[in-house]
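Participant: All residue numbers for the sequence shown refer to my numbering, where the first residue is -1 and numbers rise by one.
Treat the hints with care, since some could be wrong.
Here are the computed distance ranges between Cβ atoms for each label pair [what the hints assert, rightly or not]:
#: 1; residue 1: L197; residue 2: E97; range: 33 to 43 Å
#: 2; residue 1: P144; residue 2: E166; range: 23 to 33 Å
#: 3; residue 1: D140; residue 2: R262; range: 27 to 37 Å
#: 4; residue 1: A218; residue 2: E277; range: 52 to 62 Å
#: 5; residue 1: L106; residue 2: Q77; range: 16 to 26 Å
Source of the hints: derived by calculation from the structure; they are not laboratory data. Glycine is no exception: its CB is placed at the ideal position from the N, C-alpha and C atoms.
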Amino acid sequence: MGPLLLGNLLELTDSQQAALHAAFTMADREGLLLLDLKDLKAVLNHLREQPEILGEDRALFTGASAQALLRRLATLEQQGAEAFFGEPALQLEEVLRPEPDGRGRIHLLDASRLVHEAPKVYATFLIWLLAELFEQLPERGDADQPVLALFFDEAHLLFGDTPKALRERLEQVVRLIRSKGVGVYFVTQSPSDLPDAVLAQLGLRIQHGLRAFTAREQKALRAVADGFRPNPAFDSLEVLTELGIGEALVGSLEDRGTPAMVQRVAIAPPQSRVGPLSEAERQTLIRQSPQGGRYERAVDRESAYEILRERRAERGPAEAPAAEKTKAGQGGALSDLVGELAGSALRSAARQAANQLGRQLVRGLLGSLLGGKRR
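Starting from the given sequences, assemble the full structure and let the hints guide the process.
Facilitator: Here you go:
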């Protein structure tokens, strides 16, 4: 996960985002793998002690920003989000692998707790998944059938409070990923939950019944009806309020790519089991899965945390970092005050630098790093 996506998860300010970008840039330059939150915290503490190694980016990294980042990471760990980082990483080829007889597989991501307790983590994981697929899958052009179909429930969480730069990148990925053979389906209560740029890219719309009681809801209802190609057999606006359970208005594309007339259809009921699995059933299916036992145990290979710990041990207590010597000479309270004042003075510059870095570091969303390393 890159700095832009992680910054969105941590809900950082512009100056904090600039500091995070600077930390990732230094880690790439020094060959420090950032595989989990422990690695990132080690890098942040390392930069607090030796900010001079940032070079030209030193102005972006203040003590106040580092403290804020560490606090946000601690909060993230308390929410249990650390399980989303580290290794073994999710292998996308396992998601795409069909059954031995050639049939496709259905994978269910149980995010019932995550949606309610940590919706930001849920949305960030889905954005990461979409970005990884876009980065790793080859171009397929106009394929007869998709290699993968993604159904994103509670899709409004993907676009709720995301920064403009991240939202624009997400909209671009949604627009281009179809050439990779991936179909994306957004499941949400109302079309107004999705940005217009995404709605304009949809080739299939399945709209169940809507009710409108206020003037605002009636306006939104008319917008939904206008989004379909009219059918002379009925009034889409009127039918939307009449649809019952199992009925929907469906708009799709014709062979030439032009919108087909909207149709009123009856949805076939599910042929599978309706309702949650018991814990015993869930564990049985996990054990029987080809991926069973592959992701249960964490792997902690050498990365930034271990490398920096080894460097500190080699340096020894006699070689105190320059930042610690300065703090000891000037006094901790005075040093903190100066750091706060400097952070205020540099906030404007940090904001401009963050915007520039956000445009340059495509790795922030797609996972390809400045030096090509994957995290």
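Participant: Look at each hint and say if it fits the structure.
Facilitator: Tested hints:
At about 34 Å, the CB distance of L197 to E97 agrees with the hint of 33 to 43 Å. Between P144 and E166 the beta carbons are some 24 Å apart, a value that agrees with the proposed interval 23 to 33 Å. Take D140 and R262: their Cβ atoms lie about 29 Å apart, and the range 27 to 37 Å holds. Between A218 and E277 the beta carbon distance is about 41 Å. The supplied range of 52 to 62 Å is therefore violated.
In this structure the supplied range 16 to 26 Å holds for L106 paired with Q77, their Cβ-Cβ distance being about 22 Å.
The structure fails hint 4 only (numbered hints given earlier).
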